[in-house]
Amino acid sequence: MEAEKRLVSPYDFLTDMGFELFEKNQSLDSYVEAMNPDYLEDMGTNREMLRANYHAIHKKPEVDEKVKSILIKGGVNKDGEKEGFDILLKPGEIVSIVGPTGSGKSRLLADIEWLAQGDTPTGRHILINGVQPDEDKRYSMDEKLISQLSQNMNFVMDANVEEFIRMHAHSRNINESDLLIEKVMQWANDLAGEPFTKETPLTALSGGQSRALMIVDVAFLCQSPIVLIDEIENAGIDRRQAMALLVSTEKIILIATHDPVLALMANRRLVIKNGAIDQVIEGDEHEKRVLGDLEKMAEKMLSVRNALRMGNKITLKV
Amino acid sequence: MITVSGPPSSGKTSIIEKTIKELKKKEIEIAVIKFDCLSTADEMIYQKKGIKTKLGLSGSLCPDHYFVNNIDACFRWGRQENVDILITESAGLCNRCSPHIKEVLSVCVIDNLSGYHTPKKIGPMLKFADIVVITKGDIVSQAEREVFAYNVKKVNPHAKILHINGITGQGAAQLSKLFEIAEDYDSLDEKKLRFTMPAALCSYCLGETMIGKDYHIGNVKNMNL
Ligand SMILES: Nc1nc2c(ncn2[C@@H]2O[C@H](COP(=O)(O)OP(=O)(O)OP(=O)(O)O)[C@@H](O)[C@H]2O)c(=O)[nH]1
Ligand SMILES: Nc1ncnc2c1ncn2[C@@H]1O[C@H](COP(=O)(O)OP(=O)(O)O)[C@@H](O)[C@H]1O
Ligand SMILES: [Mg+2]
Ligand SMILES: [Mg+2]
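Line order of the protein sequences matches chains A and B.
Numbering-wise (our numbering), the first sequence opens with residue 1 and increments by one.
Numbering-wise (our numbering), the second sequence opens with residue 1 and increments by one.
A portion of the hints provided could be inaccurate.
Stated by the list, open to error - Far from chain B, by Cβ distances over 10 Å, these chain A residues were calculated:
id, residue
1, 10
2, 26
3, 52
4, 57
5, 81
6, 102
7, 110
8, 135
9, 149
10, 177
11, 178
12, 268
13, 311
Said to hold, decoys possible - Each computed DSS-like pair below joins lysine-lysine, with the alpha-carbon atoms no more than 25 Å apart:
id, chain 1, residue 1, chain 2, residue 2
14, B, 121, A, 24
15, B, 21, B, 160
16, B, 154, A, 59
None of these hints come from the bench; they were simulated from the model.
Every residue gets a Cβ at the ideal spot worked out from N, C-alpha and C, and that includes glycine.
Using the sequences plus the hints, can you model the full thing?
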């Protein structure tokens, strides 16, 4: 994403913080020097703090070294037996994670999110570009490195879709152009199927619309090269397009799922059993054909659902 | 000693409890002092987990002033009990609260659900904290988490920001490491608050209940209407 830098005027910055100013277009110093220290104290701040705050909003997000690979070094299963696999992941790859409920799918995602260093119940280690991320990086990294999507996540922000996109772009120091808004709207609507507008309040979006917007937002606005997805299947979105969009942004995608279409769409799938990776299965031609059949069935379901919604009799041969 | 504060229900107790669980693995003696206004179930929660705890209820006094009037005694109590790390939990009830002490590691806990304007509204409690813990990231979108963290950075660019899940404890290990390396002290005497506390010295502080100009005595500030 082309990250053009935005400059916030000292006037906007201070009024946004709740200060009443009378003249526009002054420098930060002249505003701050003119303020009475008692007034600043009333506002719960001081001059030094204000200057630091102003600089903070202009700090460019640090550019991390590019993620070329993630290595999941095996740990132990729930009985303490050795996990037999190390998994190497590369950008542009989708890996699905399958297994019964309680087997440890979410745990694996959490290990990656946490950049585990033998300090989780599984004892796994996560290496980025072949090395253990150092302690200090671990705090700051998760946010920049990893985006997450899960079933439990909702929008809680009291804003409409356009305000939300602008705010997120702003926080990422990305130029919040109208073009960007259009692009996000277009994609999110395509994925969701049920249309929504820029003016729709975030909290009024349906489950599918929320999920669609989250995915598109992750694709275009989150710089993080790793996307962890935990069971979003019931959302009713165009799953193939969604995955294609994420892959096209050269991210590494891990998706824990019970959905056969999503599981088969992946290049590889990890089968989790009793807390550890039990098998790694590569998709083959035969599986691709099954996927094709499943997708046709899904399409059929969709067209029947739409027909029902429109009040039509079902004439399709199923 | 470590001061932990944050708006009501932001996850302070959950975070402290999970962090202590990490510290206990290393056989570190810990106690928690909970400051609150009227009542709290936190004392019970800590006790249930086998954590040594004391409770201070400020009742009709400003909780911040109550805190600072008792904190040195709490510290002495902790030393008597041979506590390695004494943690205070206090709810910032008025947003202008200022419970942090210079040189004493200070943590502010806020949650993603509290709305993206919240960081701007919280005063010294957030602005002067060394560590800001953001909770409840498990239930909001990635984007909102990022916007929220950005808004925190805007008001407190110096703090270390940690994302911790108060329910699973994911992230608490990191906080426990910061607790372990926190500075030790023999006493709190001569230590200073990081920022002045909210002040009041007016007739209502002394129990006045009548409304009207005649009853406004002392440190009174009038609105611009
Ligand atoms: N989903 C979710 N819930 C959380 C998280 N952290 C805390 N909670 C829940 O939030 C509620 C309040 O948490 P507490 O830890 O009691 O909050 P507190 O700040 O100590 O509250 P007071 O002491 O009453 O001011 C509890 O129901 C917790 O289970 C989190 O990371 N995710
Ligand atoms: N290797 C392991 N050792 C110990 N506990 C584990 C291991 N793997 C998973 N667990 C625990 O098992 C429980 C269920 O795992 P979870 O990841 O939630 O399952 P799923 O997402 O597949 O339903 C969790 O409490 C998790 O921490
Ligand atoms: Mg799960
Ligand atoms: Mg509490």
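Hint by hint, here is what the structure shows:
With 10 Å as the threshold on Cβ separation, the claim that residue 10 of chain A sits away from chain B holds: the shortest Cβ distance comes to roughly 14 Å. Non-interface status of residue 26 of chain A relative to chain B is upheld: no Cβ of that chain comes within 10 Å, the nearest being about 20 Å off. Non-interface status of residue 52 of chain A relative to chain B is broken: a Cβ of that chain comes within 10 Å, the nearest being about 5 Å off. A beta-carbon of chain B is positioned within 10 Å of the beta-carbon of residue 57 of chain A; the least distance is around 5 Å.
The beta carbon of residue 81 of chain A is kept farther than 10 Å from every beta carbon of chain B, the shortest such distance being approximately 23 Å. No beta-carbon of chain B comes within 10 Å of the beta-carbon of residue 102 of chain A; the shortest separation is about 15 Å. A Cβ of chain B approaches the Cβ of residue 110 of chain A within 10 Å, the least distance being about 6 Å, so the stated non-interface status is violated. The Cβ of residue 135 of chain A does not lie farther than 10 Å from every Cβ of chain B; its closest approach is about 8 Å, which violates its non-interface assignment.
Not every C-beta of chain B lies more than 10 Å from that of residue 149 of chain A, the closest at about 7 Å, which undercuts listing it as non-interface. With a least beta-carbon separation of about 17 Å from chain B, residue 177 of chain A lies farther than 10 Å from that chain, consistent with its non-interface assignment. Here residue 178 of chain A stays apart from chain B, with its beta-carbon at least about 19 Å from theirs, past the 10 Å limit. The non-interface label for residue 268 of chain A is consistent with chain B: the shortest C-beta to C-beta separation is roughly 24 Å, beyond 10 Å.
At roughly 34 Å, the least C-beta separation between residue 311 of chain A and chain B is larger than 10 Å, which holds for a residue marked as non-interface. With a C-alpha separation of about 24 Å, the suggested pair residue 121 of chain B and residue 24 of chain A falls inside the 25 Å cut-off, and the hint holds. A C-alpha spacing of about 21 Å is found between residue 21 of chain B and residue 160 of chain B, which places the hinted pair at or below 25 Å, so the restraint holds. In summary, the hint linking residue 154 of chain B to residue 59 of chain A is supported, as the alpha carbons are separated by about 10 Å, within the 25 Å threshold.
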